[in-house]
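Based on the provided sequences and hints, a complete structural model is requested.
Chains as they are written, first to last, in UniProt numbering: chain A, 1 to 408; chain B, 1 to 408.
Please keep in mind that the hints were generated in silico from the structure rather than gathered at the bench. Treat the hints with care, since some could be wrong.
[Unchecked claim] As a list, the in silico BS3-like pairs of lysine-lysine whose alpha-carbon atoms are at most 27 Å apart:
(1) A:Lys229 x A:Lys210
(2) A:Lys384 x B:Lys160
(3) A:Lys160 x B:Lys384
(4) A:Lys134 x A:Lys69
(5) B:Lys160 x A:Lys160
There are 2 protein chains.
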Amino acid sequence: MTEVSRRRLFGYAGAGVALAGAGATAGALAAQPKAAPRVVPFHGEHQAGITTAAQDRLHFVSFDVTTDKRAELVDLLREWTIAAERMTRGEEAADRGAVGGPQHAPPADTGEALGLSAASLTLTVGFGPSLFDKRFGLEEARPPALADLPRFPADDLDPKRSGGDICVQACADDPQVAVHAVRNLARIGFGAVAVRWSQLGFGRTSSTTKDQATPRNLFGFKDGTNNIKAENPDELRDHVWVRDGDGPQWMAGGTYLVARRIRMHIETWDRTSLAEQEAIVGRKKGSGAPLGQAEEFDPVDLHVKGAGGVPLIPEDAHVRLAAAESLGGVKILRRGYNFTDGSDGFGHLDAGLFFICFNRDPRRQFVPMQQALSSKDTMMEYLKHNGSGLFACPPGVRPGEFWGQRLF
Amino acid sequence: MTEVSRRRLFGYAGAGVALAGAGATAGALAAQPKAAPRVVPFHGEHQAGITTAAQDRLHFVSFDVTTDKRAELVDLLREWTIAAERMTRGEEAADRGAVGGPQHAPPADTGEALGLSAASLTLTVGFGPSLFDKRFGLEEARPPALADLPRFPADDLDPKRSGGDICVQACADDPQVAVHAVRNLARIGFGAVAVRWSQLGFGRTSSTTKDQATPRNLFGFKDGTNNIKAENPDELRDHVWVRDGDGPQWMAGGTYLVARRIRMHIETWDRTSLAEQEAIVGRKKGSGAPLGQAEEFDPVDLHVKGAGGVPLIPEDAHVRLAAAESLGGVKILRRGYNFTDGSDGFGHLDAGLFFICFNRDPRRQFVPMQQALSSKDTMMEYLKHNGSGLFACPPGVRPGEFWGQRLF
Chain A
1 MTEVSRRRLF GYAGAGVALA GAGATAGALA AQPKAAPRVV PFHGEHQAGI
51 TTAAQDRLHF VSFDVTTDKR AELVDLLREW TIAAERMTRG EEAADRGAVG
101 GPQHAPPADT GEALGLSAAS LTLTVGFGPS LFDKRFGLEE ARPPALADLP
151 RFPADDLDPK RSGGDICVQA CADDPQVAVH AVRNLARIGF GAVAVRWSQL
201 GFGRTSSTTK DQATPRNLFG FKDGTNNIKA ENPDELRDHV WVRDGDGPQW
251 MAGGTYLVAR RIRMHIETWD RTSLAEQEAI VGRKKGSGAP LGQAEEFDPV
301 DLHVKGAGGV PLIPEDAHVR LAAAESLGGV KILRRGYNFT DGSDGFGHLD
351 AGLFFICFNR DPRRQFVPMQ QALSSKDTMM EYLKHNGSGL FACPPGVRPG
401 EFWGQRLF
Chain B
1 MTEVSRRRLF GYAGAGVALA GAGATAGALA AQPKAAPRVV PFHGEHQAGI
51 TTAAQDRLHF VSFDVTTDKR AELVDLLREW TIAAERMTRG EEAADRGAVG
101 GPQHAPPADT GEALGLSAAS LTLTVGFGPS LFDKRFGLEE ARPPALADLP
151 RFPADDLDPK RSGGDICVQA CADDPQVAVH AVRNLARIGF GAVAVRWSQL
201 GFGRTSSTTK DQATPRNLFG FKDGTNNIKA ENPDELRDHV WVRDGDGPQW
251 MAGGTYLVAR RIRMHIETWD RTSLAEQEAI VGRKKGSGAP LGQAEEFDPV
301 DLHVKGAGGV PLIPEDAHVR LAAAESLGGV KILRRGYNFT DGSDGFGHLD
351 AGLFFICFNR DPRRQFVPMQ QALSSKDTMM EYLKHNGSGL FACPPGVRPG
401 EFWGQRLF
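Below, the structure is given as structure tokens:
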């Protein structure tokens, strides 16, 4: 056997190890309904994992590059691209994989995804501002839009959850598939990169296609109703994809990723009245309808007034401050996830929203939006931003290319 | 409307809010294959979540009781039982729930599970040794089998990840459903309990019924092949359920839960050869077959010898040390989960196995097994136990009873 692929040996296309062995019965697979082994194409004009229908689970990782040799960095990106493309097809990270190689060498895949489907895995890479320092001779290639984020009011950033030279966003419908992918990239990168921080998200808080139902965040509200959707090419062109002439040519077709680890003080929120919660958000908790409207997708009307001429959507409501109308037309593509990371040591869950957004120029999109929210949004009383990252995601790769090839 | 139930308003039995609204189409649910809304019965002779077919996701929480009033503790358990039973049915934590109550009161449910199915949720409660101190007059009721665990060789326990007065194990096929349940129990317990620690598990590492395929741990190996299975009442009677006469009568039909947070040094493991990995585990990585056998479920034969009379399963292999044959017949019911909690600050993922087992008497089962493993198992070079908990899980409740009623 020259190649052991996850799917060929173990999965849908293969014999199904799940059915082998004395203890398994013919009903084994039937008893465990699995999502279809959906494969998201890896190659394309843009990277997958941005407008791809948001998968249910996330593992996000930020790496420090530990080598100072440009050639080693390029080799790593080349190796990573091959492994990433394989894993998104549902295969092992490398030929021969976990069990097909020589007995006396470490396996070329870690094995915990054997038997699992591709689970819609996408791997999306981004380069942080710190990568563009003199180590790799990339100073001149740094896009002006990759400007360090300013300090926002109420920021409480933990350096151990912030920054990094390279990020990889792994999204999948099976968390074990996402974790496996990140872990194997880290393994392949041993000696060249080290994990700086990583974050699991257990539930998506955004829809990125029109056929996805809007999920709920840990405030219990539908989140991202007015998100940019994949079916809207005009909005993607205006707000997401970097165009020719926007900056260095290597970023054309790319986008900028902003990640924010937003701790939610859910215990305080849970002791707030329903009316107060809805006033803070500007939507009904049940339906997700904007205040003053009937249905979730009714347009937000910031001008409806109630008794005494008071706006139904308060001046400091989240939907008002985040509305394109309030921000000179600014929009972003949101792709965040709920998280719970144990407890905070003070009797509470350490839970919140791992916010991810994609934008064509954060200086004109995420930054002014967050300036408005962090200074005026009543919701900020219940939030603490304690992690932050900004990354330039290069355009998609064609077969044979590697991640960020046009940068090097 | 007098009652707003998650399923009635939003779920399979109801109108399906997912389908409402201008942006949703008739294909919305079809595009998101969901597990069937399986409901695991809450009432019974034993608690659910022990022999229940292991669900895919875990949220485990340990609470400190912060009140010193016995009556408040009993009230809490009563309230919790009602909420737990509702949530396992796929309903909100309380009548009226997230959006059906008065506008000027905090909602009776936090809302993030609106629209989600029951997802096979089980909630399993346990009482730690520290609950049986003089605060609640329970000293006499403490079962001898709930003896504090000894210190094992190589233990490196973090008090912030260990112990606790009460634990709740929430398992579900949807992690948001498990997190929602724990969060609402914590909310209901405000003023009486505080979260001491909590742990998410993203993938099960055990099967507890014969029709479940054996999953893989983060060493890439199938885990728990020889687990006690629900279909084996003799083994459950001998090794899992506390019998009349085993100790205090309130525990008859219950069991003891041991939780261990086992950090795996996966980076070191990944640089070990396949042969070495298989020798450490005592099984083939691909098939899961015991060394010297052909199929996963072939019986482990500790006496097969290879070239030169050397045992094929080494003396210090994990399967040998953990085998009932090596431990005087001792078995446990395993129900663990893979975890990844960000990074360790030293360039590695903080990943491992959140080990959970159930046994009739840990003094005769888990403790001698862990003594053997912690002193002889070669695998220990790749492990660090940094969290630990021991809890007495009372028997199941009948309708109208509350968790642990026979204790009070």
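- Task: Return the numbers of the hints above that this structure violates; sort them in rising order.
- Result: No hint contradicted; all consistent.
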